[in-house]
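Q: Sequence:
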Amino acid sequence: MILPLDPLPDATRPGSGHAVEPSGEDPTQSIAGGVVGTGPPLGEHPPLPRQIGRYYPLERLGAGGMGIVYAAYDPDLDRKVALKLLRPDRTEGRAAARLLREAQAQARISHPNVVQIHDTGLIDGELFLAMEFVRGVDLRTWLARGPHGLDARLQAFLAAGRGLAAAHDAGLVHRDFKPENVMVGDDGRVRVTDFGLAREHGAPDREPRRGGTALDLVLTAAGDQLGTPAYMSPEQHLGLPVDARSDQFSFCIALWEALYGRRPFHGDTPVTTAAAVLKGELLTPPADVRVPPAIEAALRRGLSSQPEQRFPDMPALLAALAPQPAPARRRWLVAGLLGTAAAIGLALAWTYRPAEAPCSGSATALAGTWDPERRSALAGALQAADDPTRVLAGLDAWTAAWTAGHRDACLDHQRGEQSSALLDARVRCLEGRRKALAAAIGALQADPTGLDAPQMLARLPQPALCSDPDYVLADVPPPADPALARAVEAAQAQLAGARAHQHGDDLAGALTQAEAAVGEARRLGHRPLLAEALLTLGTIRMNHGDLRAAADDLGEALAEAVLARRDDLAAEAHARKIYLDGVPGGDVAAALAAAPLTLALAGRAPEPHAALGLAYNNLGAVHDARGDRTAAAAATARALVEMTAAPQQDPLELGNAMFNAAMTTADDDERRTRLREAVAQFTDHLGAGHRMTLDRQQLRAQYEPDPRDALAVLTDTCPRYLELARGHAVYCSECWHDLAHFAALLGESRQSTAALARIADCRRGAEPGPADALLHAKTTALAASLAGDGAAALAAADAALRVTDGLREYAWIDREVAQAEMLRGRALIQMGRPAEAIAPLARASEIFERERASRPALLPMLWLERTREDLATARAAITPPP
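One point on numbering: in this note's numbering, the residue at position 323 of the sequence shown is 310, and numbering is uninterrupted.
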């Protein structure tokens, strides 16, 4: 079955074995929702492979110590790529780790001066990465092909420096910067590549924590040297920890070499070079080479043997290296304009004032939304809330990414690499993200303990997608009429507030704001706004359990989005609607008939991967509702592939997709691995004690292949529900209920009885509903059965069946009926009435058999085995001896 994210009314709660539609916790709980290095040759021109995975090799670009690089065609994305394969004779762990490190490092950076990674993974068991294809030469070759004037050489290095700075902003240190690791394209653009030795700022040279990425891996033992000796910093030669200032040192060696024709440190061997570097013995520059004193001074500072004596970061070094107008000319210009001695003095002062870095205003663009004052205020408000340290650190990271995106948009335009229209679109996208941030901060300050702050943070739309031209240009520009534009902007801010409250688990507050936004959009007659508002309202109502109204909202949102040419909104509305129609609505045929249109709309979306992920996920839910386990598994597996490929994806929706793929796979080992990865996704983004993480742990237990593993998970998880700081936990009772059954089935009667006694603690102070009466009857029956009181167990099982009679419209009720019939049959056996036990046990067995065929949930399979044993016992008791 497949997972929504937000809780729905208890009366619509399913039994165990839920799955999620990426929007909220659904009542039906169904499936919804580069440069080649040096090294020995591999041989004399082996034949070109016909195909490598989905890629078609076009030519062999080269081979090196780590791998082979082909120019290849990617048919899925209709573009030429550079395909790098790990050499067949270098498939040991460190080579694999290095290639993955290169891919993961570059994939985290989106910048015109860094070679882009498009894809990475395994092809026939061999690691590969598909990179941006750059037709050109490395920087050393470019320099050798000159002549290039000093300014041209300097400009090439300044561009490479901006790429390094982008890597540093992403938290990475290159650790092997040299001319061979910089590409100069035929288009003139300079790009840094080969991040195979990169690692995160401050990462120690030791083994990584469990579950880390390839960027955490250590490629050498502690104290080993990494990099190319001629370009290594003193700290690298000494095997000490490095940071961005080490890249600065390597950069200055390479630039010194490019400007003066030789490196700054003399050495005939790596050992003598290292000795000169460690002593700081800079060579005297050649007398016949003219380099401006300011540039030489900047290089000398960057080559300081002590990191703290270098520039604080790459942007500061680049600012010092950037050509400045001649001081005498600048003084003359200002003096001529002002015409007085005093003005000359002013001009002299202006001449020597440090130049402000380009686009430096980005650093303060979030003032008033997130600055020291707002941060301090929110920190105070969050003292009594869930996990305030995680939330504040997350907001710091998010705002740093937003600021970097804002600066990159400005710099790209300033360099002439993007049009004014694209700049405007990127800034509009970033402004939308800023509104979402402002709404979340405002809501948290107003109600810090009533809202789910970790979830609000996890689901903030990330700024990274605002650098995607296709995505931002697909957005509709604001109206030309200033008054209408202001009104639309205000309504969009209201929608941002609705989503903030929705993600904070305040569905009532979210509903109020979304309804107001829909009303305002209707009044304004602005179709794009109306489509977005209706989609938001429909999603909130879906989470709230108002499914009929949600379906109406989504249907209208779809029509308005098509008329407004908003393919992204249309795709999401249609995907969510087929879930509602096919799963809680029960019209599987209609949902499957609409599926081709859902996939077509998703494929038209500006960013199709996330849209296709949602579509396939919800299509899997429909197949699951139909009982087609094979089709459900195929759809959920495709959903996970698409969501993982998306440049931006709600991490919790991705987590649910991971669960759905786990729950529909038939292989026990694969399911076990996927379940752990899915739980880790929620733990990483929400924390181990968050309600949603506990819900996923409880779900994991239901699908674990081994019942003792399931019991261990629940034994750890269930008590944590009772420690939650916020609100009522929907699955708390279900957790203790499942724990009791697993313990009973494994012969742990005392643990089972103790678990049943804790169920009441979950509901203290909550308004009782039909689901509570059903749960109470079932637990009473099991407790009585464990105590050997067959009469009490029978009475409670009969009471449970009476409750189920009023809930027959819910798809999940069959499992509840089966549990009650199982308990009833067992009670009758205990009372010595085996003939009467056969009918309820047979009915229970039939339902459990159907459930086992539809999904690999563990408890129904164990219940089926136990019911069959009881049935055999009852039949044996009434069969006369031969």
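Misleading hints may appear alongside valid ones.
[What the hints assert, rightly or not] Ranges between beta-carbon positions, derived for each pair:
(1) G108 x L709: 25 to 31 Å
(2) A354 x P299: 19 to 25 Å
(3) R37 x A477: 56 to 62 Å
(4) P359 x D696: 43 to 49 Å
(5) R41 x A350: 41 to 47 Å
(6) L379 x A774: 47 to 53 Å
(7) S736 x P359: 44 to 50 Å
Think of the hints as simulated: they come from the structure by calculation, not from any bench.
Where is the CB? At the ideal position from N, CA and C, for every residue including glycine.
Q: Does each hint fit the structure? Answer for all of them.
A: Results of checking the hints against the structure:
One distance hint, 25 to 31 Å for the beta-carbon pair G108 and L709, is violated here, with the actual separation near 42 Å. The hinted range of 19 to 25 Å is satisfied by A354 and P299, whose Cβ atoms lie roughly 22 Å apart. Checked against the hint of 56 to 62 Å, the pair R37 and A477 passes, with Cβ atoms roughly 58 Å apart. A C-beta distance of roughly 47 Å is found between P359 and D696, which places it inside the suggested range of 43 to 49 Å.
A hinted range of 41 to 47 Å for the beta carbons of R41 and A350 is consistent with their spacing of about 42 Å. A C-beta distance of roughly 51 Å is found between L379 and A774, which places it inside the suggested range of 47 to 53 Å. Checked against the hint of 44 to 50 Å, the pair S736 and P359 fails, with Cβ atoms roughly 59 Å apart.
In this structure, the hints that do not hold are numbers 1, 7, in rising order.
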